Each structure stands twice: as structure tokens, then as C-alpha cells.
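These are the residues of each chain, in order.
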Amino acid sequence: DGGITQSPKYLFRKEGQNVTLSCEQNLNHDAMYWYRQDPGQGLRLIYYSQIVNDFQKGDIAEGYSVSREKKESFPLTVTSAQKNPTAFYLCASSIDKGGRGADTQYFGPGTRLTVL
Amino acid sequence: GDSVTQMEGPVTLSEEAFLTINCTYTATGYPSLFWYVQYPGEGLQLLLKATKADDKGSNKGFEATYRKETTSFHLEKGSVQVSDSAVYFCALKDNGGSNYKLTFGKGTLLTVNP
Chain F
1 DGGITQSPKY LFRKEGQNVT LSCEQNLNHD AMYWYRQDPG QGLRLIYYSQ
51 IVNDFQKGDI AEGYSVSREK KESFPLTVTS AQKNPTAFYL CASSIDKGGR
101 GADTQYFGPG TRLTVL
Chain D
1 GDSVTQMEGP VTLSEEAFLT INCTYTATGY PSLFWYVQYP GEGLQLLLKA
51 TKADDKGSNK GFEATYRKET TSFHLEKGSV QVSDSAVYFC ALKDNGGSNY
101 KLTFGKGTLL TVNP
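Going down the list, the protein sequences come from chains F and D. If you count the first sequence from 1, position 2 lands on 2 in this note's numbering, and the numbers rise without skipping. If you count the second sequence from 1, position 77 lands on 77 in this note's numbering, and the numbers rise without skipping.
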């Protein structure tokens with residue numbers, strides 16, 4: 001079955017530690033995204049990538065880093081510089097319409113990160 | 001910039017009641033509009049979408065019509081079920097240029113009681 005997988009589902013981190021969240025898709029989508037969701041708020045864009053080896057900052061990129069070495073994978077690292085990392089993190093992907101932006105975004109099941 | 005405003009919840013209904021969740025938007029270009037649904041502890045699922053004015057998106061008994069004159073995309077369902085209990089997000093994507101960003105509303109929690 002095609003889809004987006006995120007792991008782990010729950011993640012606990014001590015303050016001062018970096019942690020990496022996994023996102024894999026087998027939909028053959030070109031574009032991938034990371035969002036952060038906080039209680040009672042909509043989703044906010046952290047980073048996105050239109051193509052392998054390229055990515056762009058979203059609205060709240062500070063304290064986060066990403067890589068896009070393979071089309072299928074877009075891991076997110078939450079660094080110790082992120083002041084309030086406890087949140088629900090969602091990965092998404094979409095077809096790239098080649099200069100006309102991206103098509104509909106489809107989401108993974110999410111990873112809940114808690115800083116202890 | 002782009003923005004989405006949706007009615008604040010929570011919304012509590014009895015089974016078989018009529019549902020409306022209001023959504024209005026501000027966009028500089030010609031957006032596509034979306035409704036996503038999030039069940040407890042899960043990611044977002046696309047519920048329906050509309051890509052141009054007067055389009056009606058529909059899925060699983062839910063409908064929304066893209067109204068350019070009122071910049072609205074209200075979600076409706078004629079008879080809700082307990083299984084519809086979830087958080088609903090309205091979102092837009094500005095189609096001007098090579099835009100990749102989705103702008104979301106804050107979400108509306110719907111609870112349907114038996």
C-alpha cells in the first residue's frame with residue numbers, strides 16, 4: 001500500500017539533546033513537508049523540500065534541521081536550540097506541478113515529541 | 001498575507017443533527033481550498049477540496065462550496081454520526097507562482113453524542 005510512514009509514534013527527549021524524526025513515503029511524490037501542531041492551533045510549516053538535495057525554510061525553522069538525500073525520505077532533526085520542542089510533528093508529501101507549485105498534500109500519522 | 005479563519009469550537013451535536021463549520025479566507029492570489037479531518041492521535045486526512053470558484057467538494061456526506069464573492073468555504077453535513085467526532089481544519093494554497101505552502105485555520109473540534 002502506498003503511503004507516508006513516520007516513526008516513532010511517541011518520542012521522549014531530555015533537555016539539551018538532539019532528536020531525529022523519520023518520514024518515509026512510497027507515493028513517488030517530489031515534494032515533502034514538515035509541520036508542527038500545538039494544542040488549539042493550526043499547523044505551522046517548519047521546512048519543505050521540492051526536490052532531492054534541496055529544501056526551504058518554512059515559517060518556524062529556527063531550532064530545526066532537515067536533509068533530503070533520497071526522494072523517499074525527509075528526516076527532521078529537532079536540535080537543542082529549539083526552545084519549546086514538545087509538540088505533535090506531521091510530515092506530508094505532494095506531487096510537484098513543475099513550476100506551478102504543488103498538488104494536494106497528504107499527511108503521515110505523526111510523531112508526538114515530549115521533552116522531559 | 002494569506003490567512004484562514006474558522007469558527008472556534010468545540011461544537012457538540014447529537015447524532016443525525018445538521019453540521020455547519022464556517023471557514024473564511026484571505027488570499028492574494030487564486031487559492032485552492034481544502035478541508036482536512038484529524039481523528040484523535042492521528043495525522044490529517046484530506047476530506048474534500050475545491051480548486052476554483054463555485055466548485056463544490058464532497059466526500060462521505062460532507063460538502064463545501066468555494067464562494068469567491070464571500071471568500072468562504074463552509075463545511076456542511078446533513079446528518080452527523082458519532083464516528084464524525086474529530087478536529088476539522090480548513091486550509092488554502094495560493095496558486096500564484098510556484099507556491100508550496102498550505103495555510104491552515106486553527107481547527108474546530110466536533111463531538112457527536114449518541
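Be a bit skeptical, because a hint or two may be false.
Said to hold, decoys possible - Straight-line distance between alpha carbons at most 27 Å, and here's what the computed DSS-like set of lysine-lysine pairs gives:
{"id": "1", "chain 1": "F", "residue 1": "14", "chain 2": "F", "residue 2": "83"}
{"id": "2", "chain 1": "F", "residue 1": "83", "chain 2": "D", "residue 2": "101"}
{"id": "3", "chain 1": "D", "residue 1": "106", "chain 2": "D", "residue 2": "68"}
{"id": "4", "chain 1": "D", "residue 1": "68", "chain 2": "F", "residue 2": "9"}
{"id": "5", "chain 1": "D", "residue 1": "106", "chain 2": "F", "residue 2": "9"}
{"id": "6", "chain 1": "F", "residue 1": "57", "chain 2": "D", "residue 2": "68"}
{"id": "7", "chain 1": "D", "residue 1": "101", "chain 2": "F", "residue 2": "71"}
{"id": "8", "chain 1": "F", "residue 1": "70", "chain 2": "D", "residue 2": "101"}
{"id": "9", "chain 1": "F", "residue 1": "83", "chain 2": "D", "residue 2": "60"}
{"id": "10", "chain 1": "D", "residue 1": "52", "chain 2": "F", "residue 2": "70"}
{"id": "11", "chain 1": "D", "residue 1": "49", "chain 2": "F", "residue 2": "83"}
What the hints assert, rightly or not - Ranges between beta-carbon positions, derived for each pair:
{"id": "12", "chain 1": "F", "residue 1": "63", "chain 2": "D", "residue 2": "78", "range": "20 to 28 Å"}
{"id": "13", "chain 1": "F", "residue 1": "39", "chain 2": "D", "residue 2": "68", "range": "26 to 34 Å"}
{"id": "14", "chain 1": "F", "residue 1": "40", "chain 2": "D", "residue 2": "26", "range": "15 to 23 Å"}
{"id": "15", "chain 1": "D", "residue 1": "13", "chain 2": "F", "residue 2": "9", "range": "26 to 34 Å"}
{"id": "16", "chain 1": "F", "residue 1": "51", "chain 2": "D", "residue 2": "28", "range": "20 to 28 Å"}
{"id": "17", "chain 1": "D", "residue 1": "16", "chain 2": "F", "residue 2": "73", "range": "18 to 26 Å"}
Hints in this document: simulated from the structure, not taken from any laboratory. All figures in this text were calculated on a predicted structure; none of them were measured in a lab. Backbone N, C-alpha and C fix where the C-beta goes; we use that ideal spot for every residue, glycine too.
Verification of the supplied hints:
| no. | hint | in the structure |
| --- | --- | --- |
| 1 | 14/F x 83/F | 12 Å, holds |
| 2 | 83/F x 101/D | 24 Å, holds |
| 3 | 106/D x 68/D | 21 Å, holds |
| 4 | 68/D x 9/F | 39 Å, violated |
| 5 | 106/D x 9/F | 23 Å, holds |
| 6 | 57/F x 68/D | 30 Å, violated |
| 7 | 101/D x 71/F | 19 Å, holds |
| 8 | 70/F x 101/D | 21 Å, holds |
| 9 | 83/F x 60/D | 41 Å, violated |
| 10 | 52/D x 70/F | 34 Å, violated |
| 11 | 49/D x 83/F | 35 Å, violated |
| 12 | 63/F x 78/D: 20 to 28 Å | 45 Å, violated |
| 13 | 39/F x 68/D: 26 to 34 Å | 33 Å, holds |
| 14 | 40/F x 26/D: 15 to 23 Å | 21 Å, holds |
| 15 | 13/D x 9/F: 26 to 34 Å | 30 Å, holds |
| 16 | 51/F x 28/D: 20 to 28 Å | 25 Å, holds |
| 17 | 16/D x 73/F: 18 to 26 Å | 45 Å, violated |
Of the hints listed earlier, those the structure fails to meet are numbers 4, 6, 9, 10, 11, 12, 17, in rising order.
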